[in-house]
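*Asks:* One-letter residues, chain by chain:
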Amino acid sequence: MAKGDPGGTTRSRRAAPRSRKGATGDPELVQLLTPEGERIDSATGPDGTEYRVDFTDEEYRGLYRDLVLVRKLDAEATALQRQGELGLWASLLGQEAAQVGSGRALRPQDMAFPTYREHGVLYCRGIDPIMPLGLFRGVDQGGWDPNEFKFNMYTIVIGAQTLHATGYAMGITIDGKTGTDDGEAAIAYFGDGATSQGDVNEAFVWASVFNAPLVFFCQNNQYAISEPLERQTRVPLYQRAAGFGFPGVRVDGNDVLASYAVTRTALDNARLGQGPSLIEAYTYRMGAHTTSDDPTRYRIASEVEAWQAKDPIARVKAFLEKQQIADAGFFAEVDEQARRESVHLRERVLNMPNPEPVTMFDHVYPNGSPLLDEQRAQFSRYLESFEGSNH
Amino acid sequence: MATETLTLGKALNTGLRRALENDSKVVIMGEDVGKLGGVFRITDGLQKDFGDQRVIDTPLAESGIIGTAVGLAIRGYRPVCEIQFDGFVYPAYDQIVSQVAKMHYRSGGRLNIPMVIRIPFGGGIGAVEHHSESPEAYFAHTAGLKVVTCANPQDAYVMIQQAIASDDPIVFLEPKRRYWEKGQVDLDAPLSDAYPLHSARVVRPGTDVTVLAYGPMVRTCLEAATAAAEDGRELEVIDLRSLSPLDLSAAYESVKRTGRVVVVHEAPSNIGLGAELAARITEECFYSLESPVLRVTGFDTPYPAARVEEEYLPDLDRVLDAVDRTFGW
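From first to last, the protein sequence lines are chains L and Z.
Note that the UniProt record's numbering gives residue 335 to position 335 of the first sequence, counting from 1, and the numbers run on in steps of one.
Note that the UniProt record's numbering gives residue 78 to position 78 of the second sequence, counting from 1, and the numbers run on in steps of one.
There may be inaccurate statements among the hints.
To be verified - Some chain L residues judged to face chain Z by a derived CB distance under 7 Å, without partners named:
#	residue
1	G138
2	Q141
3	M153
4	V157
5	T166
6	Y168
7	G171
8	V205
9	W206
10	T359
11	H363
12	V364
13	P370
14	L371
Treat the hints as calculated values from the structure; they're not laboratory data.
Built from N, CA and C at the ideal position, the CB exists for glycine as well.
My request is simple: use the sequences and hints to build the entire structure.
*Replies:* In structure tokens, the structure reads:
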């Protein structure tokens with residue numbers, strides 16, 4: 001599990017990285033692990049920042065385990081929806097590296113504001129993966145404590161959470177919790193489509209003028225449901241940051257190492273009081289927007305196949321094998337753990353009870369309301385009026 | 001009892017100052033609330049005394065004001081947001097309705113958003129368009145929000161502090177045409193002994209017709225009651241104060257005595273507060289009613305040009321006309 005500071009870890013074996021810049025042929029893209037599993041020693045961002053990671057073998061294996069588990073649990077949720085056990089599911093398939101890389105870069109004191117697809121980040125925050133399934137099954141509205149896990153509730157209204165993250169980050173500043181290594185920072189997750197929203201642009205303005213300790217983490221998965229990136233922007237998204245007065249960087253979002261390195265640097269800059277930054281994690285939504293969507297109507301198979309070759313997990317596996325950091329026994333053990341956890345997830349989903357109808361009146365107001373008290377009482381009497389009612 | 005004569009605006013300013021003094025988590029934020037003290041000077045002098053991290057001049061974007069205030073609230077702050085005018089709240093409507101109102105519910109009660117959204121509302125000041133609207137029904141219709149309005153300096157001073165101290169998100173509507181009207185304010189009475197925030201109050205007892213009003217129309221109705229008394233009719237005027245939740249216990253008791261009700265608000269009548277009041281009173285007081293519940297309201301037009309707003313707004317004569325009509329059934 002890559003939770004340590006990569007600069008301060010002791011490595012049991014060096015992975016013989018090469019030094020290469022812009023290895024993809026895309027000078028805009030920060031990459032530390034190629035799709036073929038070749039390790040790149042360091043990469044340079046557009047502002048000259050050097051990005052590198054220095055993980056132990058155990059940490060590399062931990063990242064691989066995270067990626068596999070997150071994908072497997074996601075696949076299980078998709079299957080549950082197909083079998084009618086969830087009303088909807090927004091799959092993260094293809095975006096595991098962006099989420100695990102950034103999620104593991106968070107320090108315990110950092111606060112994350114997700115969309116509705118950040119199941120991988122949620123997993124990294126130590127939240128039971130059953131939690132979001134309550135929302136999508138329709139038995140509750142989420143279920144975890146945002147303050148306990150420093151991971152806010154899922155936000156379905158596109159981009160709204162970027163303002164919440166900005167205000168939270170302003171609060172960090174007012175609390176005097178920036179300026180040191182153990183300062184706090186916030187991270188706002190959103191997608192390429194959200195960059196067209198007013199709220200996101202207002203969040204950019206606010207974060208900039210208040211120098212908020214915030215990382216804007218945009219997973220550019222190329223589609224907003226059916227609409228391609230070209231319908232949202234005519235410039236690379238990371239370049240938007242310049243107009244708002246803070247740095248922007250594009251990272252290979254299918255590269256867990258680069259996603260980690262870029263996020264860790266941005267968060268540390270924020271906690272030191274250097275203000276916000278924008279990360280564009282360049283990735284691809286391999287599946288549908290949600291289970292209600294049919295991506296074959298708006299994109300061609302060859303595009304999906306090209307991205308399949310950049311799979312975020314396959315490259316880590318290739319790297320681990322080549323460098324002999326993990327053997328067949330390890331991969332089998334991870335697969336077995338993933339299988340076990342997904343079976344366990346399924347069992348628990350099937351056993352989730354429907355809520356009692358009167359619980360819909362709970363938690364509308366912290367201080368309650370006489371109107372709701374009256375409606376609840378009337379509704380309870382109505383339910384009780386049915387003979388043999390269980391209510 | 002140390003009372004002072006204050007305008008309604010100054011009473012709000014003094015109440016905000018008290019809230020800032022009493023709780024270090026209270027922050028005021030909005031457009032021009034700092035150095036300028038707000039376009040109506042309701043936050044006058046507060047940034048100077050409490051600093052620019054507690055009285056924050058924000059960028060000019062209303063959704064940003066409310067959205068960042070949500071984040072501050074999650075962080076443990078108690079934001080008091082100023083929306084400069086009623087007609088400028090709509091860019092923030094999504095954040096208010098989808099985020100502020102629902103955060104406590106969606107989090108299963110784990111998160112509170114103890115936010116106050118101050119909005120100067122209503123007409124009567126000769127303003128240009130978008131500066132004179134009465135959007136209360138939009139907010140009162142939204143579960144998860146509470147909505148209150150004050151009608152006199154004493155209530156302004158107390159209610160703003162009560163709203164800030166409440167853990168519920170509250171839309172606090174300020175009757176802008178009454179900002180300059182003066183009244184006695186008791187500055188020393190402890191908040192804990194104050195009249196409850198979400199309670200209506202009989203502001204003039206009477207026997208013949210019940211008149212329900214709030215915010216800027218309370219004074220109009222009191223003037224109508226004075227005029228009616230000269231004609232031998234005693235109007236009972238009730239200041240609703242809380243628009244969501246409504247406190248109608250005093251209204252029901254009154255209507256059961258008078259049998260006649262007139263509801264007065266500046267907002268248009270169609271699907272407005274008056275409709276809800278009429279429905280609830282009809283359910284509760286059906287056998288006591290001598291006539292239908294009548295409404296005196298703004299018309300179902302956009303707010304008109306200022307030179308005709310006095311015709312648009314309910315006034316003493318239109319209230320008395322409705323009072324007369326309750327006797328015509």
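*Asks:* Compare the structure with each hint and give your call.
*Replies:* Verification of the hints:
| no. | hint | verdict |
| --- | --- | --- |
| 1 | G138 | 13 Å, violated |
| 2 | Q141 | 4 Å, holds |
| 3 | M153 | 6 Å, holds |
| 4 | V157 | 5 Å, holds |
| 5 | T166 | 5 Å, holds |
| 6 | Y168 | 4 Å, holds |
| 7 | G171 | 3 Å, holds |
| 8 | V205 | 5 Å, holds |
| 9 | W206 | 5 Å, holds |
| 10 | T359 | 10 Å, violated |
| 11 | H363 | 4 Å, holds |
| 12 | V364 | 6 Å, holds |
| 13 | P370 | 6 Å, holds |
| 14 | L371 | 5 Å, holds |
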